[in-house]
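A.B. asks: Those sequence lines, one after another, are chains A, B, C and D. Counted the way the numbering used here counts, the first sequence spans residues 1 to 455. Counted the way the numbering used here counts, the second sequence spans residues 1 to 455. Counted the way the numbering used here counts, the third sequence spans residues 1 to 455. Counted the way the numbering used here counts, the fourth sequence spans residues 1 to 455.
It is possible that part of the hints are untrue.
[As the list claims (entries may be wrong)] A short, non-exhaustive set of chain D residues, derived as facing chain C with CB atoms under 7 Å:
| # | residue |
| --- | --- |
| 1 | 29 |
| 2 | 43 |
| 3 | 66 |
| 4 | 226 |
| 5 | 327 |
| 6 | 375 |
| 7 | 420 |
Simulated from the structure, these hints should not be mistaken for lab results. Ideal Cβ placement from N, Cα and C applies to all residues, glycine included.
Here is how the chains run, residue by residue.
Number of protein chains: 4
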Amino acid sequence: MKWPTDRLGPLRYPSPLNLSQQDDDYVANFVDDDARVIVDGDWHQLQRCISTGGTPEYFELSGPRANLFFQPERVRAAIVTCGGLCPGLNNVIRGLVMQLFYHYGVRDILGVRYGFQGMTVKYGGTAIALTPEVVENIHAFGGSYLGSSRGPQSSVELADFLQRRSINMLFVIGGDGSLRGARAILDECRNRGYEAAIVGIPKTIDNDIEYIDRSFGFNTAVEKASEVLACAHVEARGAMNGIGLVKLMGRYSGYIASRATLASGTVNCVLIPELPFDLHGRHGFLTHLEMRLKNRGHAVVAVAEGAGQHLFALERPETDASGNPRLNDIGVFLRETILDHFARKEIAVTLKYFDPSYIIRSASANTEDNIYCTELAQHAVHTAFAGRTGVIVGMVRNAYVMIPLDVVTAHRRIVDTDGPEWLAVLQSTGQAITMMNDSEPETGHRIQNNEIQGM
Amino acid sequence: MKWPTDRLGPLRYPSPLNLSQQDDDYVANFVDDDARVIVDGDWHQLQRCISTGGTPEYFELSGPRANLFFQPERVRAAIVTCGGLCPGLNNVIRGLVMQLFYHYGVRDILGVRYGFQGMTVKYGGTAIALTPEVVENIHAFGGSYLGSSRGPQSSVELADFLQRRSINMLFVIGGDGSLRGARAILDECRNRGYEAAIVGIPKTIDNDIEYIDRSFGFNTAVEKASEVLACAHVEARGAMNGIGLVKLMGRYSGYIASRATLASGTVNCVLIPELPFDLHGRHGFLTHLEMRLKNRGHAVVAVAEGAGQHLFALERPETDASGNPRLNDIGVFLRETILDHFARKEIAVTLKYFDPSYIIRSASANTEDNIYCTELAQHAVHTAFAGRTGVIVGMVRNAYVMIPLDVVTAHRRIVDTDGPEWLAVLQSTGQAITMMNDSEPETGHRIQNNEIQGM
Amino acid sequence: MKWPTDRLGPLRYPSPLNLSQQDDDYVANFVDDDARVIVDGDWHQLQRCISTGGTPEYFELSGPRANLFFQPERVRAAIVTCGGLCPGLNNVIRGLVMQLFYHYGVRDILGVRYGFQGMTVKYGGTAIALTPEVVENIHAFGGSYLGSSRGPQSSVELADFLQRRSINMLFVIGGDGSLRGARAILDECRNRGYEAAIVGIPKTIDNDIEYIDRSFGFNTAVEKASEVLACAHVEARGAMNGIGLVKLMGRYSGYIASRATLASGTVNCVLIPELPFDLHGRHGFLTHLEMRLKNRGHAVVAVAEGAGQHLFALERPETDASGNPRLNDIGVFLRETILDHFARKEIAVTLKYFDPSYIIRSASANTEDNIYCTELAQHAVHTAFAGRTGVIVGMVRNAYVMIPLDVVTAHRRIVDTDGPEWLAVLQSTGQAITMMNDSEPETGHRIQNNEIQGM
Amino acid sequence: MKWPTDRLGPLRYPSPLNLSQQDDDYVANFVDDDARVIVDGDWHQLQRCISTGGTPEYFELSGPRANLFFQPERVRAAIVTCGGLCPGLNNVIRGLVMQLFYHYGVRDILGVRYGFQGMTVKYGGTAIALTPEVVENIHAFGGSYLGSSRGPQSSVELADFLQRRSINMLFVIGGDGSLRGARAILDECRNRGYEAAIVGIPKTIDNDIEYIDRSFGFNTAVEKASEVLACAHVEARGAMNGIGLVKLMGRYSGYIASRATLASGTVNCVLIPELPFDLHGRHGFLTHLEMRLKNRGHAVVAVAEGAGQHLFALERPETDASGNPRLNDIGVFLRETILDHFARKEIAVTLKYFDPSYIIRSASANTEDNIYCTELAQHAVHTAFAGRTGVIVGMVRNAYVMIPLDVVTAHRRIVDTDGPEWLAVLQSTGQAITMMNDSEPETGHRIQNNEIQGM
């Protein structure tokens, strides 16, 4: 059996929510504290599991409990947003405040400025009080009302911040690294015997969180990205042998590039980190691109920022403030490589390069993310009041569940190139099923010598 | 065991799709012809099923088969759109044509004009040839490129149309009634021994199709509806005791009103068909509205068109061309009732009434629906080539499945007022959990005498 | 000579603005207090004027004066928004506050709630203090942050409000009636010897203010209206003999209908108040509509709310709260008349009717109106500081000018059906140049008997 | 007297347009062939002109003439789009075709592919026939349906193209260089005695055409640019000492940057080519930026691509395909300079850089440009039929006029830094009136040594 989440203790206080515990009475219900959904919906696999005497894996359902761990009047909550901007941050902040204030009656809500940094000794005095009036309209704007920052901070300082201010609920809106940071705070609190519900709402515009249907803001990012793909299409069609090349977000997972491609219907080739490809040779990318131009006179290419890293030389020492390795810039590389290729072949092309990351991530949440963020915030509050800690809330096949922080940060979700989503993308672009000459793709070493130096 | 779908016969011809049957080879895979997902994800219920020796129910997965029932070069396909407009119709049409043409090599695709009517003897000559060039840009526009019509037609005439033109694949994009019509065509074809794959793509802007995650166009409709709710909020705030009243689509199911409310974050009360309510009395709607105005000076109310039908007198004899009973107009009724109520109480209010249905349904598909429609179209074509007939394709908890037409039209999906979705709505609006004075709501008879006549 | 504006007195105080009075020094300039632009740009008419010894008419230029009538530290300003909502109200409010506060150093700015009503004895206590922080983000939203109301109020009470609170600058954002109200306040103040600069920013979504290039919000209204026309086009094309009928704002002036028609490119006939038309007969509207359906299978009709009032019986006794006569509803009338016409002829049509006024007027300002409102607000403040009173500011052939309130409210601007703007509309729709059978149009009397009763 | 335009000959043929020549008959009027508007609206200047016996300068009005130079049935028209993409190109193409076809009855309309290049011997065979069906929906998309190219071509070849195909109307949609090219074609045609109306519609996204109110597409560009400024604001606010830096189009004229700044209301400093500035020193840009960060914690800077060129070393040898000198990249330069400045001062900042040019120029036309492009196209056709040649059509203070090609290409329009438009921008940003330490700005030489090398 798997993935039960940590509980701070028994549910001792009746919920202030005036809900029902019976069906068909026209009143919304509390959720049973042991409600669960199965993890894997594959029927044959389930049969195999059963026939071998196994028990199907499950997630615990989130939702309002009839009894709570915390007394609302004793709750001091804090909210922090960490890492890069992402559509929906303000919706989550607003949703948390509204739910805490109006439905559970919490009056003491703190907004931490500029991420975990704002909980450190140096900056810890800048937090602000959050009320419904303050957050009422913030969801009309992109970004984070609280501000954000990158990089880890001392978990001792962060736990100090909680303890010193008697904060017993901390909502961490952040990515991979920040969720690990949240876990470290929890461990530090535990060592001290300080009881706090620490609940994460995973934020990753790349949509690379394992298990959950999608991360908030992803839907908006796809919308904005597909608008840029449409621009690239316009530019490509506007010139003889026009090429529109768009670099999109996606360090390890090509979700934005894939979904935006599907949405736009105008991309002819999409390159993602999950799929190696050759540049040259009979099946290489450049050969396909050349053929496309010959047949149709223009082409649109979308490339995820993490794609084609095998084309670069192997040493990649640098990391950014969040500890992520700095990627080589595949967009600029492809632009130069394409121009060089056609220059050698004396084929006149017009290439327009787009790098719209900041435009995408600073957008305000679209309708779907408005809803998702509101619901995530509501569930995060239910979860904290139920005394669960060290968990995130997220939607798994349409149900809101709780998942332990360590489980959710253990692996990264990537596009399954065997699966139906990737097939749909391929069928939308009409690109070659594979762009490798052999089973092993070209590597950076060869490229370095042959291509880059030639320019 | 449940819901296997009809098959025209064995899969005899190899697919022209160049896919793989093994994992981890960087090539997208065919889908096994017996792939299945379970219907219900509740873990406890599954345990009960297993422990009593039952077999969990399943849906069959849609997707490309390695072998096909139809030889592509012998396929003549037809596409028809029926019933009211809905965002995404053109995306589905475009997706079907692109998939048939480019991936399965079908060159003979017919577009039926103006719904089933366009297959009748009287109008059967107006169908048009569809090619990638014709449909290339139609998804930039709302509505149906083919046109649509309401109402049933003789299944004999419709089957004649197929047989006379040797059409062996028919894609029906339509609602409840049209899917029943599709079923009737299939029955008629069977009686004649005429083999045709009839595949439905369910279209209902109300999102009231059972089992599937959502119907196409619904996401766009919610987006457009929430924009109108924002307008209502502006109007409400612009005047002393301002009331914005918005009637939204939803004959039997309050999904659009509910989701748009969640998305907008500015609605103070939403009324849906699933939830009876009283107008008067201590817990009645008008009492709550009055209180809201007193406390905050303005209010926004969203009402689904099918809400509050119990408030009208019982006889409702009329039906529209599609056979749907004509609803009483709850929007106009509420407007008059509210104005009358406050006039009696000598409270000056300013009410602005919005009825944006045509603006919503004529929108072009948003990003999410662009993707969904494209994938639905791809799966509909896979399904037809696999020789399945009398089915629809749809997404069920993120997986594309096939469901028999009779199963999917047997019940209507409604908002579960016990469930988490409705709770999320309630918590967003802050409205009363119930607006009934007793367990039985007011009825129309009383209203007729007391309210309407008084105006 | 014409249209000099009222001055409160000589310009005694140096402006706090750090501008220049010389050219080519890279520093923006003050505007001469007697700067003027000519009213009429027609060259031949100007030659005639000159040759007969006349002096061309002029408007006085608005803009920052090197010296001011008011000392900034003694200014108490008030802002009031009157009448129906219009895009850009919040931009004007914000612009006024920003300009007063940051550039002239005014710290005492009052926002009147709910129009002139909020200055009356009964409601005069509800005004709020306005600062840059308060108004910073209000332009992201439609409507009026201050609220509005209709109808005249006692000029004595309104002058009392100013005097009692020592307000010496009043900015009135309102239509025709409100600008007359502003004039009455000024007269009342003068009678009392109370010195106040009363500056109007004309607000009319119908764009029917004489002389000025356009009223603020009009551009946004046209944008929103053209979106609805696109919806009507989608609906019209979606059905056999589909008709999309859209009623747009425009009580006496068909500007919104005309410009939105031009913008959309999909309207086949537009009806405006300025142009009488017959319904029946060889040249009548219905004949043209019928022909259009016969030739093309669908039609889109835009009608301004004030069009075709001659088709109704003559008595129109009612007026609304602002004193405007209530118009007969030409939209509903046309819908019924069209349906009746085709029913008699046994031609099946599908008509969809749109009445989007509230959706249009509640929109937030678009880019062009963002700019225009900001500049209007800046000029209104310059004007008040220059001691001009009883004036509006507006753009006349790209120059910001001041026009006396009585001049600007003396006539209403209407579409010149002889002129190039209307010709452009006609050529866009392809409609008949005239839809009258004789030189006199049909009148309401005939319609009443023949048409309405028949339904 | 000034600016009469060339005429091919007398107006011999009656117009097919069924217009009127009298007022107040409810029928739109023809325009007199000598209708004129004055060039300068300044009243005092006009008085001076008159008093010294001068005659005011004028433009000739465009519009439908009662008699035409060309017989419609003998017209063969061609349309060509040249230079970089710009919103509205497709609207102009569509408008020309619709006007030629429906109103003047021209059936022979050619679309040249890929600019002047498509009229050369090498590519001259690729032109396509244009009909209303072909262009019906193209205005929903950005870019040019016909494609475009940069750079001059032999006027002999271009005149050959016209003569060989008997084209007697050529519509050139292009910028400065292309309009000079159009003039050269006309000269070449004249030398050969070949009669053709060559009419330009000036295209420049920078809005730097002298005399006309604005160039088409500019309004849309400002809208898109202001959206990006909003993104920059979000990014700036999202981090401690966040800086959003946006490079916008504007080689010699800062109109896009200025207007977008006004529209957004969130920019703190805008830099344009017309205004020199220092980087360092008491009044320098960096000093102001540092102060802004200190006071408010974030800043948004907009910079036109042609701004600050004095900061670079003087040699700039390169030119692009259109012959425009390649500018030094002020955006990248500022980014590096700012980062370097704060690094030296050990102030942690987060700078996000935006370069959205292609996203802006590939947009489809907004409402205002939809209208403007349609009207420009209508007037271009009226102008050609009136036998005017070597002219452009454009709007001058709300009137459509004709201006000779040489007049309009003689100077470039720039932002008047003494005038009210620039003042409005300054007051919106609150930036320093001047950012120069002395009357002479810093030059590139100094920068090269001190700044760049330090990085």
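A.B. asks: List in ascending order the numbers of the hints, as given earlier, that are violated by the structure.
C.D. replies: Hints 3 and 5 are the ones this structure does not satisfy, whereas the remaining hints hold.
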